[in-house]
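Fit chain B to the known structure of chain A by using the hints.
Listed in order, the protein sequences are those of chains A and B. One point on numbering: in numbering that gives the first Met the number 0, the residue at position 27 of the first sequence is 26, and numbering is uninterrupted. One point on numbering: in numbering that gives the first Met the number 0, the residue at position 162 of the second sequence is 161, and numbering is uninterrupted.
Honestly, the hints are just simulated from the structure, not real lab data. Take these hints with a grain of salt, some might be off.
[Said to hold, decoys possible] Here are the simulated DSSO-like cross-link-like pairs (lysine-lysine), alpha carbons at most 27 Å apart as the crow flies:
{"id": "1", "chain 1": "A", "residue 1": "Lys133", "chain 2": "B", "residue 2": "Lys266"}
{"id": "2", "chain 1": "A", "residue 1": "Lys30", "chain 2": "B", "residue 2": "Lys266"}
{"id": "3", "chain 1": "A", "residue 1": "Lys266", "chain 2": "B", "residue 2": "Lys400"}
{"id": "4", "chain 1": "A", "residue 1": "Lys564", "chain 2": "B", "residue 2": "Lys532"}
{"id": "5", "chain 1": "B", "residue 1": "Lys266", "chain 2": "A", "residue 2": "Lys578"}
{"id": "6", "chain 1": "B", "residue 1": "Lys522", "chain 2": "A", "residue 2": "Lys522"}
{"id": "7", "chain 1": "A", "residue 1": "Lys532", "chain 2": "B", "residue 2": "Lys496"}
{"id": "8", "chain 1": "A", "residue 1": "Lys265", "chain 2": "B", "residue 2": "Lys133"}
{"id": "9", "chain 1": "B", "residue 1": "Lys532", "chain 2": "A", "residue 2": "Lys532"}
{"id": "10", "chain 1": "B", "residue 1": "Lys283", "chain 2": "A", "residue 2": "Lys133"}
{"id": "11", "chain 1": "A", "residue 1": "Lys532", "chain 2": "B", "residue 2": "Lys522"}
{"id": "12", "chain 1": "A", "residue 1": "Lys33", "chain 2": "B", "residue 2": "Lys253"}
{"id": "13", "chain 1": "A", "residue 1": "Lys133", "chain 2": "B", "residue 2": "Lys253"}
{"id": "14", "chain 1": "B", "residue 1": "Lys532", "chain 2": "A", "residue 2": "Lys133"}
{"id": "15", "chain 1": "A", "residue 1": "Lys532", "chain 2": "B", "residue 2": "Lys552"}
{"id": "16", "chain 1": "A", "residue 1": "Lys125", "chain 2": "B", "residue 2": "Lys266"}
{"id": "17", "chain 1": "A", "residue 1": "Lys253", "chain 2": "B", "residue 2": "Lys133"}
{"id": "18", "chain 1": "A", "residue 1": "Lys496", "chain 2": "B", "residue 2": "Lys248"}
{"id": "19", "chain 1": "A", "residue 1": "Lys522", "chain 2": "B", "residue 2": "Lys319"}
{"id": "20", "chain 1": "A", "residue 1": "Lys522", "chain 2": "B", "residue 2": "Lys552"}
{"id": "21", "chain 1": "B", "residue 1": "Lys30", "chain 2": "A", "residue 2": "Lys30"}
{"id": "22", "chain 1": "B", "residue 1": "Lys532", "chain 2": "A", "residue 2": "Lys552"}
{"id": "23", "chain 1": "B", "residue 1": "Lys30", "chain 2": "A", "residue 2": "Lys266"}
{"id": "24", "chain 1": "A", "residue 1": "Lys319", "chain 2": "B", "residue 2": "Lys253"}
{"id": "25", "chain 1": "B", "residue 1": "Lys283", "chain 2": "A", "residue 2": "Lys283"}
{"id": "26", "chain 1": "A", "residue 1": "Lys532", "chain 2": "B", "residue 2": "Lys564"}
{"id": "27", "chain 1": "A", "residue 1": "Lys33", "chain 2": "B", "residue 2": "Lys266"}
{"id": "28", "chain 1": "A", "residue 1": "Lys283", "chain 2": "B", "residue 2": "Lys522"}
{"id": "29", "chain 1": "B", "residue 1": "Lys33", "chain 2": "A", "residue 2": "Lys266"}
{"id": "30", "chain 1": "B", "residue 1": "Lys33", "chain 2": "A", "residue 2": "Lys496"}
{"id": "31", "chain 1": "A", "residue 1": "Lys283", "chain 2": "B", "residue 2": "Lys253"}
{"id": "32", "chain 1": "A", "residue 1": "Lys532", "chain 2": "B", "residue 2": "Lys133"}
{"id": "33", "chain 1": "A", "residue 1": "Lys522", "chain 2": "B", "residue 2": "Lys532"}
{"id": "34", "chain 1": "A", "residue 1": "Lys33", "chain 2": "B", "residue 2": "Lys283"}
{"id": "35", "chain 1": "B", "residue 1": "Lys265", "chain 2": "A", "residue 2": "Lys33"}
{"id": "36", "chain 1": "B", "residue 1": "Lys496", "chain 2": "A", "residue 2": "Lys493"}
{"id": "37", "chain 1": "B", "residue 1": "Lys319", "chain 2": "A", "residue 2": "Lys248"}
{"id": "38", "chain 1": "A", "residue 1": "Lys319", "chain 2": "B", "residue 2": "Lys532"}
{"id": "39", "chain 1": "B", "residue 1": "Lys33", "chain 2": "A", "residue 2": "Lys253"}
{"id": "40", "chain 1": "B", "residue 1": "Lys319", "chain 2": "A", "residue 2": "Lys253"}
2 protein chains.
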Amino acid sequence: MERTDTKLKEGSVGVVQVQTLKLKLPPEGFKLEKGGVLPEIEVAYERCGNITPDNRNVIFVCHALTGDSHVVGRYENDPIPTGWWEGMIGPGKGIDTSRFQVICANILGGCKGTTGPSSINPATGKPYGSQFPKFTIGDIVTVHRMLLKQLGIERVAILVGGSFGGMQVIEWTIRYPDEIDKAIIIASAASLNSQALAFDVIGRQAIVDDPNWHGGDYYDCDHQPTSGLANARKLAHITYLSQRLLEDKFGREKQQSWIEADPAFKKAIDRNFGTFFQIESYLKHQGDKFTNRFDANSYLHITLAMDEYDLAERYGGLDKAFAGIKAQVLIVSLSGDWLFTPEQSEELVTAMLGQKKAVSYCHLEAAAGHDAFLTHIHDLKRVIRAFTRDNADPENSYKPKNWELRHYQKVVELVPDGSRILDLGCGDGALLNILRQNHNCTGNGIEIDVEHIIDAIRNGCDVLMEDLDDGLSMIPDNSYDMVILSETLQTIRKPRKLLQQILRVAKEAVVSFPNFACWEVRKHLMLSGRMPKGKQIPFEWYNTPNIHLFTLKDFLYLCSEDHIKILDLIPLGRGFVEKTLLGLGLKNLGASRVIVRIARDS
Amino acid sequence: MERTDTKLKEGSVGVVQVQTLKLKLPPEGFKLEKGGVLPEIEVAYERCGNITPDNRNVIFVCHALTGDSHVVGRYENDPIPTGWWEGMIGPGKGIDTSRFQVICANILGGCKGTTGPSSINPATGKPYGSQFPKFTIGDIVTVHRMLLKQLGIERVAILVGGSFGGMQVIEWTIRYPDEIDKAIIIASAASLNSQALAFDVIGRQAIVDDPNWHGGDYYDCDHQPTSGLANARKLAHITYLSQRLLEDKFGREKQQSWIEADPAFKKAIDRNFGTFFQIESYLKHQGDKFTNRFDANSYLHITLAMDEYDLAERYGGLDKAFAGIKAQVLIVSLSGDWLFTPEQSEELVTAMLGQKKAVSYCHLEAAAGHDAFLTHIHDLKRVIRAFTRDNADPENSYKPKNWELRHYQKVVELVPDGSRILDLGCGDGALLNILRQNHNCTGNGIEIDVEHIIDAIRNGCDVLMEDLDDGLSMIPDNSYDMVILSETLQTIRKPRKLLQQILRVAKEAVVSFPNFACWEVRKHLMLSGRMPKGKQIPFEWYNTPNIHLFTLKDFLYLCSEDHIKILDLIPLGRGFVEKTLLGLGLKNLGASRVIVRIARDS
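Chain A on its own, in the form it takes in the complex (with noise of 0.2 Å):
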């Protein structure tokens, strides 16, 4: 079965190299949107993993920030693999190489080997410096897919990509509906909050700031604008952590190595306000090794492309941005990221619903923060994996079981065929799958458990991540023609406001429950003086998931006051007593379980 999926021998990728080609650009050059002209561009590129003949196999990865192309594998003279998302690329790995050809492409603006402001200009065979010109995100992925083109890719089967590299998949997304199959954005956002901006705000002054910086044209000097770069790095290294993780980390802990260094270093320290917390070493070793890696004008550049990013101002609202994508997509975001946060990304969910966009959305417990992606990536290459399986064969497509259809029946008979439904508690999507496959329905699935979202979409459901206390905040108005709460009500917080969200986002639902007056339960309280237990309710009253019990009439009396239509009741019972009551018409009383269809009453 699938779930052994997860468990196939993982491998390595092997030997991998850097490949540079230079873009067929017209005469005039490539014109960028913020009115600047490049004579010509080279791209750097990696590649892993088979090509199938008709090049439909391919999973483009839009690195992040100060990414590059070296995604994953292992360079020739090099004794292990040093790609920056090695754990997830590889055979059996959540973006499996014995399935896709990987591809990936430092960004237009890097230093990593395509065309960056320490490029050579051509027109003064000196490098660009301050004369590069100002990009956006749209350049870079039109850089990109030129590349993809010329290497004779006319469509992606999947585009993935974190953070900033998120900002590109939603981008390509929209901008070339038709060349991309499934899409995936993680930790990212339609645009940066604003205490994002005041961090970049202040990591670019400090490298303007630096004295070696002249400008841009720091390329031919002795110094480099190395310490402006290092504290800029610094200070984006916090955020791409969570406050959790640093106090984990280094909490107040002292650096033994400083503190045991030479008179001269420590008074050095001294001198300069510094401390001996481990926090301020670690973030002197980031700042470090950064500007060991990379261009000062690069990180201006790229930080800037991506604080201007805004996709509500471009395209008119996020509504109009996405309402011609046609890719199946999923968004992740990370519980402990304050950068790009949950709520963004929710942002992005929202309006692709409002678009009937096929969308699945899951919110993964990762405390490290934003950098979790590339780090604590456990949960999403499972998801990943999940999403990345290919439905369409035949192997793998999803079969309703016989116990499923019987389970099922009664509520499949009260949604018409062809409905787009909204199942709140999917489970592994068994019944959306049914509605799907026999009824023709389209829709999603609303899961708060993890396992169970992973085998929706492995299932080939489109589900999203929510908390049914939390109201259905993420789901726009009328989105669906009917929404499905299955044996959920009673352990909802807010039952009442739960039934009004649902008949805010759907004109009708059907909902089944325990009955709380049937026979048994009246039976078992009155004679045993405890709190009922038995099939429908299984638990103990102080650890029971059942905090609002109710019966038939008291259900039957809350839509009344809300001006609810009952438009079905089925009255469901177990055994001789319950069944004879039905027979006599007493449902209140013979009713374990019922199922009604319900509607607005407007």
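Then chain B, alone, in the frame of chain A:
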């Protein structure tokens, strides 16, 4: 009644002036804790409100990182008051100058009148600059205490401070326990967390990297290290505000005046990779404003003193640190504060409770962030006003009302005189006060509602804000003799866990609860087929806080499961039927309410 306290007409303190006092030092000067010596120290301070003849009504305010002595009032030549805590202090305000004299002094190392790096070094006749010695929060406190002694003030009625000021309050309360009646610690901590350290590390680096800093000896130079100081301030300023506040206040809005500026200005922005976002112009404004009023060396010294402050390290643990304090303490945290987090305040509370100290804790909703203690003080003012009330005044002492004495009689009978108790859900502290005044008890209440907390504090109780669903996480093991939980168990999300927690923090507990098996409930469900409602359970099923209904029998069963002893059991019935049933010994049927005294069965 006391509620009207907050409606007293608030007034202004009128004109104030800075005064300077030269500390009387021994011939060898003031020895700093880190080894340095200052030959002389001047302290700038301000006073307002009348002092009583016994000098016993002084509130000393410890200012925050970059504050100064001008806490409230108008300077002679200013048209309006300009103090940094204007809203908090004045006649009828949170800190009431019609009752107290408020004193605030600029800290050692500052740049607003108290000796600091920009002061003249008497040995050289030039500013100290790089020669100014490093100091600690302990030194700051010592200087302030010397100031008060020279002013003839031997004892402080109330010591109050937020943030860095709160650290001074903590240190003072520990060092001089006999000289402080009450202490108020707002948005503070026993030490900075790792993330906060990280930001400070970068801020200081920005200053020492500024070529105009000159190792600290810039006072005679043409240029001052303003760009480094501005960048440090910008960064710190972000941490004073919550992400939400920045988003609401600035979002991604553009600064119209910059957009409309002259082409040269816009070109400079473009060349320096600036943006037109309001957040950038706001930060620039904050940076510029700060460099006009603050000295870079003072900033370096003071932030270092803050970073190095570590109560646990200094005293060998927080428990030891607080072992000797005698002041009644109020600790306040702010919900949107990510610099000094609520968890850090709670750590202080836990340590004090572990030492059985008199401490109240209030977590205020303050979405604005850390700075909210300066800017959003509506509730803070009321909490402080309640805490600063003079409960020794017979006018103010709380007298239990007759109906309260009757209502709590059965519970009170189960509590031995002189017990240290924890009353969960203590409301306005009525039961606590009965036990304190008539039965010589001590201890705390726990509440979640801020209005109740303010009432309870005003009534002289030490009350802690905590959500019982979080399971008493703030309370150390065995810190009370008895816990009281009245009519609340059925509203708790994990009642079994709460019972376990109750018997973790105390050996015994008195618990009262409604019995779902009482005659009225059974009759109701049996005959009407709807969920019971009545005096004990007056809610609809969909909005009831009673989410875990249970019977006396259920409760006794759980106790036996969990090795909980029943020491007393008092069944309470209402009306003829229940009382008759109880008379027949049918507790589970006859009791609509039950009081039990329980203990660990060990």
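Comparing the hints with the structure gives:
1. For the hint linking A/Lys133 to B/Lys266, the alpha-carbon distance of about 13 Å falls within 27 Å, and the restraint holds.
2. Of the pairs offered as hints, the one joining A/Lys30 and B/Lys266 holds, with about 21 Å between alpha carbons and a cut-off of 27 Å not exceeded.
3. A threshold of 27 Å between alpha carbons decides the hint, and for A/Lys266 with B/Lys400 the separation of about 67 Å lies outside it, so the pair is violated.
4. This hinted pair checks out: A/Lys564 and B/Lys532 have alpha carbons roughly 25 Å apart, not beyond 27 Å.
5. With a CA separation close to 83 Å, the supplied pair B/Lys266 and A/Lys578 exceeds the 27 Å bound.
6. Restraint check for B/Lys522 and A/Lys522: the C-alpha separation of about 11 Å stays at or below 27 Å, so the hint holds.
7. A hinted pair counts as satisfied when its Cα atoms are at most 27 Å apart, and A/Lys532 with B/Lys496 qualifies at roughly 20 Å.
8. For a cut-off of 27 Å, the pair hint linking A/Lys265 to B/Lys133 stands: about 15 Å separates their Cα positions.
9. With a C-alpha separation of about 21 Å, the suggested pairing of B/Lys532 with A/Lys532 holds against the 27 Å cut-off.
10. Taken as a hint, the B/Lys283 and A/Lys133 pair is honoured in the structure, with Cα atoms around 23 Å apart against an allowance of 27 Å.
11. For a cut-off of 27 Å, the pair hint linking A/Lys532 to B/Lys522 stands: about 19 Å separates their Cα positions.
12. At roughly 18 Å between alpha-carbon atoms, A/Lys33 and B/Lys253 fall within 27 Å of each other, so this suggested pair holds.
13. Distance restraint check for A/Lys133 and B/Lys253: the Cα-Cα separation of roughly 19 Å lies within the 27 Å cut-off, and the hinted pair is therefore satisfied.
14. Using a Cα cut-off of 27 Å, the hinted pair B/Lys532 and A/Lys133 is violated, with the two alpha carbons roughly 69 Å apart.
15. Straight-line distance between C-alpha atoms of A/Lys532 and B/Lys552 comes to about 14 Å, which keeps the hinted pair within the 27 Å bound.
16. The hinted pair formed by A/Lys125 and B/Lys266 meets the criterion: a straight-line CA distance of about 23 Å does not exceed 27 Å.
17. Distance check on the hinted pair: A/Lys253 and B/Lys133 sit about 19 Å apart at the alpha-carbon level, within 27 Å; holds.
18. Taking the CA atoms of A/Lys496 and B/Lys248, the gap is about 30 Å. The hint is violated against a cut of 27 Å.
19. Under the criterion of a C-alpha separation no larger than 27 Å, the hint pairing A/Lys522 with B/Lys319 is inconsistent with the structure, at around 59 Å.
20. Restraint check for A/Lys522 and B/Lys552: satisfied, since their Cα atoms lie roughly 16 Å apart, inside the 27 Å limit.
21. Simply put, B/Lys30 and A/Lys30 have alpha-carbon atoms about 67 Å apart, too far for the 27 Å limit, and the pair is violated.
22. At roughly 14 Å between alpha-carbon atoms, B/Lys532 and A/Lys552 fall within 27 Å of each other, so this suggested pair holds.
23. About 21 Å separates the Cα atoms of B/Lys30 and A/Lys266, which keeps this hinted pair within 27 Å; it holds.
24. Restraint check for A/Lys319 and B/Lys253: the C-alpha separation of about 22 Å stays at or below 27 Å, so the hint holds.
25. For the hint pairing B/Lys283 with A/Lys283, the CA-to-CA distance comes to about 26 Å; that is within 27 Å, so the pair holds.
26. The straight-line distance between the Cα atoms of A/Lys532 and B/Lys564 is roughly 25 Å, inside the 27 Å bound, and the hint therefore holds.
27. As the CA atoms of A/Lys33 and B/Lys266 are separated by approximately 14 Å, the hinted pair is consistent with the 27 Å bound.
28. Only pairs whose Cα atoms come within 27 Å are accepted, and A/Lys283 paired with B/Lys522 is rejected, the gap being roughly 73 Å.
29. Our distance criterion of 27 Å between C-alpha atoms is met by B/Lys33 and A/Lys266, whose separation comes to about 14 Å.
30. Between B/Lys33 and A/Lys496 the CA atoms are separated by roughly 60 Å; this puts the pair beyond 27 Å, and the hint is violated.
31. A C-alpha spacing of about 34 Å is found between A/Lys283 and B/Lys253, which places the hinted pair above 27 Å, so the restraint is violated.
32. Restraint check: the Cα-Cα separation between A/Lys532 and B/Lys133 comes to about 69 Å, which exceeds 27 Å; the hinted pair is violated.
33. Note on A/Lys522 and B/Lys532: the hinted pairing holds, with a Cα-Cα distance of about 19 Å set against a maximum of 27 Å.
34. Pair hint A/Lys33 plus B/Lys283 holds up; C-alpha atoms about 25 Å apart against a cutoff of 27 Å.
35. Our distance criterion of 27 Å between C-alpha atoms is met by B/Lys265 and A/Lys33, whose separation comes to about 15 Å.
36. At roughly 22 Å between alpha-carbon atoms, B/Lys496 and A/Lys493 fall within 27 Å of each other, so this suggested pair holds.
37. Among the hinted pairs, B/Lys319 with A/Lys248 is consistent with the structure: their alpha-carbon atoms are about 26 Å apart, no more than 27 Å.
38. Between the alpha carbons of A/Lys319 and B/Lys532 the distance comes to roughly 50 Å, so the proposed pair goes past 27 Å and is violated.
39. Under the criterion of a C-alpha separation no larger than 27 Å, the hint pairing B/Lys33 with A/Lys253 is consistent with the structure, at around 18 Å.
40. A distance of roughly 22 Å separates the Cα atoms of B/Lys319 and A/Lys253; the hinted pair therefore holds under the 27 Å criterion.
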